[in-house]
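J.: Each chain, written out:
2 protein chains.
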Amino acid sequence: MAQIINKDQIKKVIPSIDLLPIIEEGFQLYSEGKTVVPPVGELLFEKPPGEVHIKYGYIKDDDFYVIKIASGFYENTQLNISASQGLMLVFDQKTGVLKAVLLDEGLLTDIRTAVAGAIAAKYLAPKNIHQIGIVGTGIQARLQLEYLKKITDCRRVLVWARNEMNGQKMIDEFLAKGYNISFTLDASKVASSSNLIVTTTPSKTPLILAENIQAGTHITAMGSDTSDKIELDPIILSKADIVVVDSLPQSESRGEVFQTVKTDLLDRANVIELGKLISNPSLQRQNENQITIADLTGVAVQDIQIAKAVFKKILNET
Amino acid sequence: MAQIINKDQIKKVIPSIDLLPIIEEGFQLYSEGKTVVPPVGELLFEKPPGEVHIKYGYIKDDDFYVIKIASGFYENTQLNISASQGLMLVFDQKTGVLKAVLLDEGLLTDIRTAVAGAIAAKYLAPKNIHQIGIVGTGIQARLQLEYLKKITDCRRVLVWARNEMNGQKMIDEFLAKGYNISFTLDASKVASSSNLIVTTTPSKTPLILAENIQAGTHITAMGSDTSDKIELDPIILSKADIVVVDSLPQSESRGEVFQTVKTDLLDRANVIELGKLISNPSLQRQNENQITIADLTGVAVQDIQIAKAVFKKILNET
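Read top to bottom, the protein sequences are chains A and B. Position one of the first sequence corresponds to residue -10 (the working numbering), numbered consecutively onward. Position one of the second sequence corresponds to residue -10 (the working numbering), numbered consecutively onward.
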């Protein structure tokens, strides 16, 4: 029978897995055409509002295929239930037999998203990061900051919060971890004073304006993953020196690049896929003055890689 | 935590659930536009050949949403593993929380498919069924015959088998159950002597030819569920008095209706959806001379209904 793996088991093994190279390899295989990743399945709900994404696929000639279900029901927090829910399923690629049910309740999706942010920053952030700007105070805001530790020593952080309570809660948490962190309700302050910015909100209007962005800044925008969400002023992308997406096909229908191409401010021909960037140093940041953008909508290959890694780790330990 | 329900538990409760009205209601709600059923997700494999279908959706203002994964890896039988694999997932429609994992290994997909065949026959088969013709000897051949017991007393059956071993195995099984059953290797004999025919193969060339079909015959074609499978000579559909599909949108890209419309032998305007047929007696068989066809490709609403029914039954019993 399939192995049923609960969230506590997953939480326990995650710190012992070096996820950056695993997810990087996934992006590279994806950009080299060595994966099969069909379009994202989507299910929308109105009362209460919710969205479900089904991401699935496999690496060719690998042992497994993976299906990931992740949902966001943002009113859950009123019920003291996490907005993120879901699970990952690992199947045998040769027989279709279900091997593992990872009852992660959205945790692995959150983590692989944060890892992708760290990978983007690894290749695109300026060498000298004087301040990290985090836009949002949710689970991604926290995890992106956690995983950025893998690629930078900078602990000076300015957080944009929608309200004081959210801001205070987040900075209390990271002050306790030794960060030099504060919050503001004014997103333009984050934009104008940070040179590594991560946006993590489900906003439907731009929060970061072009006029506030300094030369040399890298922005990872990971909040916008549907056709109606947007966090960055399209002018930022039109002026950027490097614009990277995790998936070129997905960027045709969702995310910041989709929004910017729609307004004719960006030519799709100038957009680079993250897997290509990882493999080719000449596509990465070349100096401390470039403005660079990574627009991440989340690709099934991240789910494939993290689900396999957790399943194998737990198999080896039992 | 989500309830994990294994195949033995499912097998145990299935006989006590009256599935026909439950699945009928699903088809009606689907045809009335009261469901949300996105396009089928599909994943294909080459070495060994395999296909995975992801069907998912929900009934509006219901308690749950359902995702079903079902695969067919036809070389599994060489390994003594069932070709059908998969599972069903039941989630809370208001929060996205996973409620149940039904580890059915394809069983519920097989059953809901057979139930749909019985429903089609209930409204379309002639009153006097003198012989049931079954094309194929796999799991669906058996289950379709089992579930037809719910709508007809006819126990005279002719089976088309690809080889003697398959044919003998199937008739031994149903002889023991009191059927008057035999097999043939000549599909035209099944077609010319039966007035209720069910085709259940993954054939890529027509097995049933128009010249053999007698007036008054009903055919349920459920084997063809992709764009390249076909079991019926398109001329049969062009001459039929009533052509029904379980899903009009799916029939635009898969199944017998897709194949026939492609050859310009059938006008889509004349095709009726099963849910509409169930609700409207004037669309059902009107006399003993009509030739009727039900082309079933399998709709998520069947999975939604059967998964919910099994989950609720097991909840009530524990």
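No wet-lab data here; the hints were simulated from the structure. Just so you know, not all the hints are guaranteed correct.
As the list makes no split between identical chains, a pair holds if one copy fits it or if it spans any two.
What the hints assert, rightly or not - Taking lysine-lysine and the DSS-like style, the derived pairs with C-alpha atoms no more than 30 Å apart in a straight line are: (1) K166 to K251; (2) K83 to K0; (3) K265 to K36; (4) K251 to K(-4); (5) K83 to K36; (6) K302 to K251; (7) K36 to K228; (8) K251 to K158; (9) K49 to K193; (10) K83 to K218; (11) K301 to K111; (12) K228 to K1; (13) K302 to K111; (14) K138 to K166; (15) K(-4) to K301; (16) K193 to K83; (17) K1 to K193; (18) K23 to K36; (19) K49 to K218; (20) K166 to K116; (21) K116 to K139; (22) K178 to K228; (23) K302 to K49; (24) K265 to K158; (25) K36 to K301; (26) K83 to K251; (27) K83 to K228; (28) K36 to K302; (29) K193 to K23.
J.: For each hint, tell me whether it holds in the structure or not.
T.: Okay, the hints, checked on the actual structure:
1. K166 to K251: So K166 and K251 fail the 30 Å test inside a copy (42 Å) and across (65 Å) alike.
2. K83 to K0: For K83 and K0, the Cα distance is within 30 Å both inside one copy (29 Å) and across copies (26 Å).
3. K265 to K36: between (41 Å within a copy, 27 Å between copies)
4. K251 to K(-4): Neither: 40 Å inside a copy, 49 Å across copies.
5. K83 to K36: Close across copies (7 Å), not inside one copy (40 Å); limit 30 Å.
6. K302 to K251: Answer is neither: 43 Å inside a copy and 50 Å across each miss the 30 Å cutoff.
7. K36 to K228: neither (40 Å within a copy, 46 Å between copies)
8. K251 to K158: neither (37 Å within a copy, 61 Å between copies)
9. K49 to K193: between (37 Å within a copy, 26 Å between copies)
10. K83 to K218: Close across copies (22 Å), not inside one copy (38 Å); limit 30 Å.
11. K301 to K111: This pair counts as within: shortest intra-copy Cα distance 26 Å, inter-copy 49 Å.
12. K228 to K1: Neither. Shortest intra-copy (43 Å) and inter-copy (64 Å) distances fail the 30 Å Cα cut-off.
13. K302 to K111: within (25 Å within a copy, 52 Å between copies)
14. K138 to K166: Within one copy only: 12 Å inside, 68 Å across.
15. K(-4) to K301: Result: close both inside a copy and across copies, 15 Å intra and 25 Å inter.
16. K193 to K83: Between copies, since 22 Å is at most 30 Å while 42 Å is not.
17. K1 to K193: Neither, since 36 Å and 49 Å both go past 30 Å.
18. K23 to K36: Answer is between: at 15 Å across copies they meet the 30 Å cutoff, but 40 Å inside does not.
19. K49 to K218: between (32 Å within a copy, 25 Å between copies)
20. K166 to K116: This pair counts as within: shortest intra-copy Cα distance 23 Å, inter-copy 77 Å.
21. K116 to K139: within (14 Å within a copy, 73 Å between copies)
22. K178 to K228: within (20 Å within a copy, 72 Å between copies)
23. K302 to K49: Cα proximity of K302 and K49: one copy only (21 Å, versus 40 Å across).
24. K265 to K158: neither (38 Å within a copy, 55 Å between copies)
25. K36 to K301: between (39 Å within a copy, 23 Å between copies)
26. K83 to K251: neither (41 Å within a copy, 33 Å between copies)
27. K83 to K228: neither (47 Å within a copy, 42 Å between copies)
28. K36 to K302: between (39 Å within a copy, 26 Å between copies)
29. K193 to K23: Result: close only across copies, 29 Å inter versus 34 Å intra.
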